[in-house]
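There are 2 protein chains.
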Amino acid sequence: MNTHNRTEIATLGEFGLIEHLTSGITPANKETLTGVGDDAAILQFGEDEEILVTTDLLMEGVHFDLTYVPLRHLGYKAAMVNISDIYAMNGTPKQITVSIALSKKFCIEDMEDFYEGLKLACKQHNVDIVGGDTSASLTGLAISITAIGCAKKGTVVKRNGAKETNLICVSGNLGAAYMGLQLLEREKIATAGKDMQPDFAGKEYILERQLKPEARKDIIEQLRKENITPTAMIDISDGLSSELMHICKQSKVGCRIYEEHIPIDYQTAIMAEEFNMNVMTCALNGGEDYELLFTVPIADHEKVASMKNVRLIGHIVSEDMGLAFITRDGTEMELRAQGWNQLKEE
Amino acid sequence: MNTHNRTEIATLGEFGLIEHLTSGITPANKETLTGVGDDAAILQFGEDEEILVTTDLLMEGVHFDLTYVPLRHLGYKAAMVNISDIYAMNGTPKQITVSIALSKKFCIEDMEDFYEGLKLACKQHNVDIVGGDTSASLTGLAISITAIGCAKKGTVVKRNGAKETNLICVSGNLGAAYMGLQLLEREKIATAGKDMQPDFAGKEYILERQLKPEARKDIIEQLRKENITPTAMIDISDGLSSELMHICKQSKVGCRIYEEHIPIDYQTAIMAEEFNMNVMTCALNGGEDYELLFTVPIADHEKVASMKNVRLIGHIVSEDMGLAFITRDGTEMELRAQGWNQLKEE
Chain E
1 MNTHNRTEIA TLGEFGLIEH LTSGITPANK ETLTGVGDDA AILQFGEDEE ILVTTDLLME
61 GVHFDLTYVP LRHLGYKAAM VNISDIYAMN GTPKQITVSI ALSKKFCIED MEDFYEGLKL
121 ACKQHNVDIV GGDTSASLTG LAISITAIGC AKKGTVVKRN GAKETNLICV SGNLGAAYMG
181 LQLLEREKIA TAGKDMQPDF AGKEYILERQ LKPEARKDII EQLRKENITP TAMIDISDGL
241 SSELMHICKQ SKVGCRIYEE HIPIDYQTAI MAEEFNMNVM TCALNGGEDY ELLFTVPIAD
301 HEKVASMKNV RLIGHIVSED MGLAFITRDG TEMELRAQGW NQLKEE
Chain H
1 MNTHNRTEIA TLGEFGLIEH LTSGITPANK ETLTGVGDDA AILQFGEDEE ILVTTDLLME
61 GVHFDLTYVP LRHLGYKAAM VNISDIYAMN GTPKQITVSI ALSKKFCIED MEDFYEGLKL
121 ACKQHNVDIV GGDTSASLTG LAISITAIGC AKKGTVVKRN GAKETNLICV SGNLGAAYMG
181 LQLLEREKIA TAGKDMQPDF AGKEYILERQ LKPEARKDII EQLRKENITP TAMIDISDGL
241 SSELMHICKQ SKVGCRIYEE HIPIDYQTAI MAEEFNMNVM TCALNGGEDY ELLFTVPIAD
301 HEKVASMKNV RLIGHIVSED MGLAFITRDG TEMELRAQGW NQLKEE
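Residue numbers (our numbering), protein chains in the order written: chain E, 1 to 346; chain H, 1 to 346.
Read the hints as simulated data drawn from the structure, not as lab findings.
Watch out, some of these pointers could steer you wrong.
It does not matter which identical chain is used: a pair holds within one copy or between any two.
To be verified - Cross-link-like lysine-lysine pairs, in silico, DSS-like; alpha carbons within 27 Å at most:
id : residue 1 : residue 2
1  : K123      : K152
2  : K152      : K30
3  : K188      : K153
4  : K153      : K303
5  : K30       : K249
6  : K30       : K252
7  : K153      : K30
8  : K152      : K203
9  : K188      : K104
10 : K308      : K194
11 : K303      : K119
12 : K303      : K105
Looking at chain E on its own, in the form it has when it is part of the complex (with noise of 0.2 Å):
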């Protein structure tokens, strides 16, 4: 929190607040009628444009800790992972709403600085802030954004619709970000009541993964530019593992991923060993890295492995044949979520 230059939240009040920090948000999307002020936002898509609405609801002390997290960094997060559920849908972000509520720990140049990440990652995918509010809690952050999104009709990409022997894509790396909550967590409990930083060095990788995801458009515009339609897609939020287990259960298939085919950052792999973990295992389950995971039909075979940033991991099986993880040394291992179930890890 801001302690040098504090400006207490009730000098503005409710409506004062959530003025001074949306005063200058004018919006960028012709989509766009009106954005924030009145009791809801006016959006107006093209007669051929399907629309497509994202939600999400973080609380302070189970979604993020700001002892470590910026609030700057926060906010461009917070943002960021709805754009990227309208990414995962193959869909273009065009809005988002913001509620906050906030305890009086915090002051107005908090906000501001929340405010100013969640422009950043709006300015960075063209998309408008047209609404939300402000108000008290008891306890600490709670932060609700929905994303607005559209497609042209009939190219919106769903999880139910890998069919059998598609082939299995993800893009980037995985694991990074939750070896950086890791190590955050790890120099949290040292530094702590003590007055010495933490040494990040040669660590900047992961720790970036963890504090400023960034949602993958250049994907999305890549597959469009190679006129590729994934069979289904969704983004990586809760883990591989669990993602995978969502697009085969709603599409009725099986898979086969390989462990020699995951990829995964070298930075992630160090942290791992110096953890004494199982690098797989973070790749497999670690959540928050925001990465692509889609199927496409074989035919497309020679586009995807020619993608900048996309690797192809597996394929999809019959139903029967389950959802199956192969070791390097050829044994099948059953594909199970240990993912980010937050309500069942309490």
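Since chain E is already given, all that's left is putting chain H on it; use the hints.
Just chain H now, kept in the frame of chain E:
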């Protein structure tokens, strides 16, 4: 909370819980292509439609108190207040998304009760539940609802269209929900730790206004039937004064409203008397009535005067004349918002 029939949420987990809660929810609107179960809901509106989106974040201890609000009522109200925002734009509500964050004190039956209320409100207004998620919270319950609606192009009513000589109208009556809240608070204190039930005889109406508010679909329908398009409209969530100030500020006008025309139910008046409160202050500043406040051209005078459940309370004047409340004895008082500004209240 449910104590006699309690199934821990951990037995289902996050995905299990949301599947359980949303099973049996099937879209009723043709505009809903896909509801719960993917990264985003997929909606589609015709070429002549504008789309409305509104969102709300409710925090336990700030927006609701579970010691006297049953979860079923809370679900009903949470949906209703967002539906009300769509009507306040002269739109038709079509879909909602629901995110909840809950601490371990809640069990599955609690969430079932909450969803029962949600579903009832949605059914009454022909609204589809198209998405949402559940996650953990360290303390208490947080609820985030986004409502989506549509309106024929050019028929949306904003806050900024009020013009000099326009008539100011309000539906239903005011202050009842606020008095209901006062009563619940009093009985909470009176019965705390004691084995006694509060006595609500003769006060059912104000309690219902607080616990089970109704979005004024009927007023919107009447307006359409009478071919009246308000010049400005808002729903009363923060109190008449506060909402009227929003309209005047955004429309750059002033107003005159008259004490003798402010609609107040007799139960509200009796309750205020019992509490030794000024009933007019309650009617002007008490929130959560979810009545509609709107302005119409003076040419519509006869039509609105004959509308059921609508009261003419004043008229719009030029900006430099300011915002005033005229008492029965003709005294002009400046209108002030003392409403539900939770951040300032703290």
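We went through each hint and held it up to the structure:
| no. | hint | in the structure |
| --- | --- | --- |
| 1 | K123 x K152 | within (22 Å within a copy, 30 Å between copies) |
| 2 | K152 x K30 | both (16 Å within a copy, 18 Å between copies) |
| 3 | K188 x K153 | neither (48 Å within a copy, 54 Å between copies) |
| 4 | K153 x K303 | within (24 Å within a copy, 43 Å between copies) |
| 5 | K30 x K249 | between (38 Å within a copy, 26 Å between copies) |
| 6 | K30 x K252 | between (39 Å within a copy, 26 Å between copies) |
| 7 | K153 x K30 | both (18 Å within a copy, 15 Å between copies) |
| 8 | K152 x K203 | neither (41 Å within a copy, 54 Å between copies) |
| 9 | K188 x K104 | both (23 Å within a copy, 25 Å between copies) |
| 10 | K308 x K194 | neither (44 Å within a copy, 69 Å between copies) |
| 11 | K303 x K119 | neither (35 Å within a copy, 46 Å between copies) |
| 12 | K303 x K105 | neither (52 Å within a copy, 51 Å between copies) |
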